[in-house]
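Below, each chain spelled out in residue letters.
Protein chains: 2
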Amino acid sequence: MFSPTIQKLIEIFSKFPTVGPRTATRFVFYLLKLSQEEIDKMTSAISKLKESVKQCKLCFNNFEGENDLCSICSNQNRDKSILCVLEKESDLESLENVKRYNGLYFILGGTASSLKKNDMKGLRIEELEERIKNQQEINEVIIATNPTAEGEAVGIYLTKLLKKNSPNTKITQLGRGLPLGGELEYADEETISSALESRR
Amino acid sequence: MFSPTIQKLIEIFSKFPTVGPRTATRFVFYLLKLSQEEIDKMTSAISKLKESVKQCKLCFNNFEGENDLCSICSNQNRDKSILCVLEKESDLESLENVKRYNGLYFILGGTASSLKKNDMKGLRIEELEERIKNQQEINEVIIATNPTAEGEAVGIYLTKLLKKNSPNTKITQLGRGLPLGGELEYADEETISSALESRR
Chain A
-16 MFSPTIQKLI EIFSKFPTVG PRTATRFVFY LLKLSQEEID KMTSAISKLK ESVKQCKLCF
44 NNFEGENDLC SICSNQNRDK SILCVLEKES DLESLENVKR YNGLYFILGG TASSLKKNDM
104 KGLRIEELEE RIKNQQEINE VIIATNPTAE GEAVGIYLTK LLKKNSPNTK ITQLGRGLPL
164 GGELEYADEE TISSALESRR
Chain B
-16 MFSPTIQKLI EIFSKFPTVG PRTATRFVFY LLKLSQEEID KMTSAISKLK ESVKQCKLCF
44 NNFEGENDLC SICSNQNRDK SILCVLEKES DLESLENVKR YNGLYFILGG TASSLKKNDM
104 KGLRIEELEE RIKNQQEINE VIIATNPTAE GEAVGIYLTK LLKKNSPNTK ITQLGRGLPL
164 GGELEYADEE TISSALESRR
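Protein chains in written order, with the numbering used here: chain A, -16 to 183; chain B, -16 to 183.
Everything labelled a hint here was simulated from the structure, so no lab data went into it.
Heads up, the list lumps identical chains together, so a pair's fine if it works in one copy or across two of them.
Here are the computed lysine-lysine pairs in the BS3-like style, where the Cα-Cα straight-line distance is at most 30 Å:
{"id": "1", "residue 1": "LYS104", "residue 2": "LYS(-2)"}
{"id": "2", "residue 1": "LYS33", "residue 2": "LYS16"}
{"id": "3", "residue 1": "LYS82", "residue 2": "LYS143"}
{"id": "4", "residue 1": "LYS16", "residue 2": "LYS100"}
If we strip away everything but chain A, and leave its shape as in the complex, we get:
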């Protein structure tokens, strides 16, 4: 058994995504080798994270600043007639990096393992409907959930729902240039570009 403080940190790191006990152990030994200054920098960055990062009132992306809106939602040069619905923040990041999309975004906040009510509860579906209702200039909504089983299911569900409740809005999905089973976050720029182009 490792000493109590080490054991406690291993448990904490083991809960990080993709991390098991072995990797968590390596993290702790890595930390033990850092200087006190580096440790202080790390803990203060972690502590600062939650207080300095806000959620945009419109798209729910994370941002820092004085305003209520993130730099994309408050940018007058973005095309307000088109809205892209994404699972999560890093998907937005990937799409922005391609520099081919100039519309606005909406982050669902995850995906659902099934279309059961309980699984869908974590997604901002009511907020999305609200947004489309309030922002009259939107005439196209791109449902850009990931081409995984879960993402596809949520995509089909949302497409149906929005077509019914917002009959005057065009509802599209990203073209299936995306490799099936993959995640937007890991797609290369070419693939994302062609998927954008061939949206249906």
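Position chain B relative to chain A; hints supplied.
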């Protein structure tokens, strides 16, 4: 680009072993979802780590407590006539878990990418020689470096060195029941046991 605080944390986590920018990003979004209480627990555990964990004066393993020696080195029931030399703390952990070894330990503090002086400088080779000289009751030293190219090289170097400088001490190496290219840390208990048995 992510916001500055997020970006900074991504950079910090990217330096963790096995972690690249993608995984570091996932870590940050994981942290954003934690409660303030969980964040506080984490940062205080990280801060506490360096001040509560000491290095044993004899074996250089990490431990917590009032003494100068860890629980293994200060345990009167351990066999002081046999010393096992390991690359790192987690190797010791693996060997202890097998419960087949009752001697003492010495942690080299890593391995060397070559036998050049500069690469070997990080290893506690002088301290090891000192230890063997001071602790007269040692009559066997097991060089248990990992069966990787680096570990083997350091193992051969140490064996030669100790045979020359401590001619009255038996110098052995773990039997090659260990899968080549693997690390002690990831070996199963059976393999470690048989390697211990067949040491040469």
